[in-house]
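Undergrad: Protein chains in written order, with the numbering used here: chain L, 137 to 352; chain D, 1143 to 1615.
Read the hints as simulated data drawn from the structure, not as lab findings. Owing to the predicted nature of the structure, the values given are computational and were not obtained by experimental measurement. For every residue, glycine included, the Cβ atom is placed at its ideal position computed from N, Cα and C. Fair warning: there could be bad hints in the mix.
With a cut-off of at most 25 Å between alpha-carbon atoms, the simulated SDA-like pairs for lysine to any residue come out as follows [as the list claims (entries may be wrong)]:
#, chain 1, residue 1, chain 2, residue 2
1, D, Lys-1231, L, Thr-173
2, L, Lys-149, D, Lys-1189
3, L, Lys-206, D, Asn-1524
4, D, Lys-1189, L, Ala-176
5, D, Lys-1351, D, Lys-1459
6, D, Lys-1330, L, Val-160
7, L, Lys-258, D, Ser-1340
8, D, Lys-1459, L, Val-160
If you want the footprint, here are the derived chain D segments under chain L, 3+ residues with CB under 8 Å [unchecked claim]:
#, stretch
9, 1283 to 1296
10, 1367 to 1377
11, 1403 to 1415
12, 1421 to 1433
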Amino acid sequence: MSSREEILARVRKNQPASLPLPAVPMFDRHLPSLPATFKANLARMGGLYVDAPVDANLDALIRARFPDAKVICSAAPEVAGNRPIDGVREPGELDDVDVGVVRAGFGVAETGSVFLTEAQFKVNALGFLSQHLVVLLDTKDIVPNLHHAYQHRDFFEAKYAVFMTGPSATADIEGVLIRGAQGIRSLTVIPHQRSLQSCSNTSQYRPTDPGPATEV
Amino acid sequence: MEPAHEALERSLRMSKRVDHAEASSRFIAAKDHIEFHDQRLWDLRQKRDRESEEIPEWQELRSLASAIKEHTLTHLADYLEQFEQNATKNGVRVHWAKDAAEHNQIVIDILSSHGVRTLVKSKSMLTDECEMGPFLGNRGIEIIETDLGERIQQLDGEPPSHIVVPAVHKLRTDVAQVFARTIGTDPKNSDVPYLAESQRRHTRPYYLKAEAGMTGANFAVAETGSVVVCTNEGNADLSVNLPKLYLASIGIEKIIPRVEHLGVFVRLLSRSALGSPITQITSHFRAPRDGTEMHVVLLDNGRSERLGMADFWYSLKCIRCGACLNTCPVYRRSGGLSYGATYSGPIGVIIDPTFNLRKYSSLPFASTLNGSCTHVCPVKINIHEQIFKWRQIIAERNQLPMVKKEAMKMAGKVLASPMLYRAAVKAANAGLEYLPRSMVYNPLNAWGRQREVPKTPGTTFREWYLKNRRNKK
């Protein structure tokens, strides 16, 4: 008998009598005000929120915020940067990126998180090898809590999906909080309306709205 | 195959009984360490309280989490098959390991067939449970633990002392010594940002050169075949998103049925663990990146046996948040290493004896049965009741240490007889007043070893009752 069959047989023999699966509500009773709660929780988790005028030149804005940055690599169509991500063949090539730029699929008010997949990153390592990350977020794309967030179809279709909440952090030595552990040292969210070519939005829920496939 | 000397060493380690009280006395002797440890963990407990109080549906979430886990465990075989089927459909290769030895063999086979020499690894209690580090190390694989706390412990040749914060028993000056010895930092500089930055810079080249990355899992979703990893440092996502080969080791109890259940568990996990609404990074690995491979090893190692233990299968609901450790007065004042097991604290006390009853027979006594662990558990495991049940089993199977056994026998006789009891109370009161400390705090009184015996009242309840109430009729 293979280990697989042995394990499954022993589990079947030993598992206690069936207990029911409860339904999970969406906990809509205490829904927070979306952009304000998102901003507050993002700040708590060490993220920055930088308002920009509708017609802002995002490239100029990012340059102004990171004056020492030599390499700016953008996976968002709204920002040019100076290192085209389409030319990257191996993720390790992003080792020298000072600022990475992406557009979030959506945000979560309850936690201050932004949601990203390989469709937004193009190269997943952009979100972790970069020293700093700038995330464009359409404030219409903020969902109230994680129950709503987990309805998104990307959890069924993306190969890689991640909630990023502020910069990487550690408190492993004496509980002293260090922001910028091993991944990004800062995370800046810029509210910015999604353009047509951006690929993800919160209407793409399942199962009520099957919508078009999100992978590009 | 495992060489004879390794097998021998392992069996020797397995058979030696852990003496929790003796091991913790070394930790307790270091006064600044124990005080800091106690405070730091209590601080985590208070952060957890504040964070959970902000969620009106907190208790409802706990009930849901418990019920989802109980449902899953009572249908575990079906969900394991569903997970395997969906993961396979996604291009993930699924392996099954019935014990630690098979787990390690599967891992080395995958690594060898890909010519891997360096493995970057995020924190996983499961690979500690399998003692995978020394196994791979002996076969020429360089393993880099990438979590800061876990790396400190690896460089110091110690196992993690806490499920979530592995080096919580060390002070910054200890870390400065370890790093100075191993990665060349300044031994006199114990500035925390300097130490963390040094580890960041030291570790980064390994992400770029490693041929494989490895993680554990917080959850495995049957419906999608996804592996979910909750971390803060960015190390897991660097370990997975750079090398062309990714391995995830998962205990079979980590399965949950559906994506929507993550809403419940992710809301509870980091709030219970660290008092933050979510971990900085919550990652869902469903399929390998283009041009790469993803392997999942599903490990049993005693879990399927535990599932059949009427009183103890509930411990399989555990999501490894560490809240029961942070709240436990015994854990906070004895340190995780004193348990001599991969899993320490209250949850360890009820899991470890299922691995080896003899070796871990002292652990269920490392508790005051105050029930705080049960109270904070996000999946409502009845931890303190299970601790009590283990004590009964250990006493029945004659695994009590001699001193404790003799003391219990005597206590049993005395408590069974009102006359003897009254005489004993009187004698003890008189004794405590006049005996020299050395008689009270002697090696035969295990209870007095770490504690001050409370001051005795002037009169016993019985004396008071006889004087004040009996004559009032």
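Undergrad: Decide if the proposed pair is consistent with the structure: Lys-149 (chain L) and Lys-1189 (chain D), CA atoms, cutoff 25 Å inclusive.
TA: Violated, because 42 Å separates the two Cα atoms, which is more than 25 Å.
Undergrad: Take the C-alpha atoms of Lys-258 (chain L) and Ser-1340 (chain D), compute the straight-line distance between them, and say whether it is at most 25 Å.
TA: violated (30 Å)
Undergrad: Between Lys-1351 (chain D) and Lys-1459 (chain D), does the CA-CA distance stay at or below 25 Å?
TA: Distance ~37 Å between Lys-1351 (chain D) and Lys-1459 (chain D) Cα, so the pair is violated.
Undergrad: Closer than 8 Å Cβ to Cβ for three or more residues is the test here. Does the stretch 1421 to 1433 of chain D pass it with chain L?
TA: Satisfied; 11 residues make the cut.
Undergrad: Quick check: do three or more residues in the stretch 1367 to 1377 of chain D have a beta carbon closer than 8 Å to a beta carbon of chain L?
TA: It holds: at least three residues are needed, and the stretch 1367 to 1377 of chain D offers 5 whose Cβ sits within less than 8 Å of chain L.
Undergrad: Tell me if chain L covers the stretch 1403 to 1415 of chain D under the three-residue, 8 Å CB rule, please?
TA: holds (count 6)
Undergrad: Could you grab the alpha-carbon distance between Lys-1330 (chain D) and Val-160 (chain L) and see if it respects the 25 Å cut-off?
TA: Cα-Cα ~53 Å, so violated.
Undergrad: Can you confirm whether the C-alpha distance between Lys-1189 (chain D) and Ala-176 (chain L) stays at or below 25 Å?
TA: holds (18 Å)
Undergrad: Can the restraint linking Lys-1231 (chain D) and Thr-173 (chain L) be considered satisfied, given a maximum Cα separation of 25 Å?
TA: Outside the cut-off at roughly 39 Å; violated.
Undergrad: Lys-206 (chain L) and Asn-1524 (chain D): Cα distance at most 25 Å?
TA: Status violated; Cα separation ~55 Å.
Undergrad: Taking 25 Å as the top limit, are the C-alpha atoms of Lys-1459 (chain D) and Val-160 (chain L) close enough?
TA: At roughly 18 Å apart (the allowed maximum being 25 Å), Val-160 (chain L) and Lys-1459 (chain D) satisfy the hint.
Undergrad: For the stretch 1283 to 1296 of chain D, do at least 3 residues have a Cβ located nearer than 8 Å to some Cβ of chain L?
TA: It holds, with 5 qualifying residues against the three required.
Checked against the numbered hints listed earlier, the structure breaks hints 1, 2, 3, 5, 6 and 7; every other hint is satisfied.
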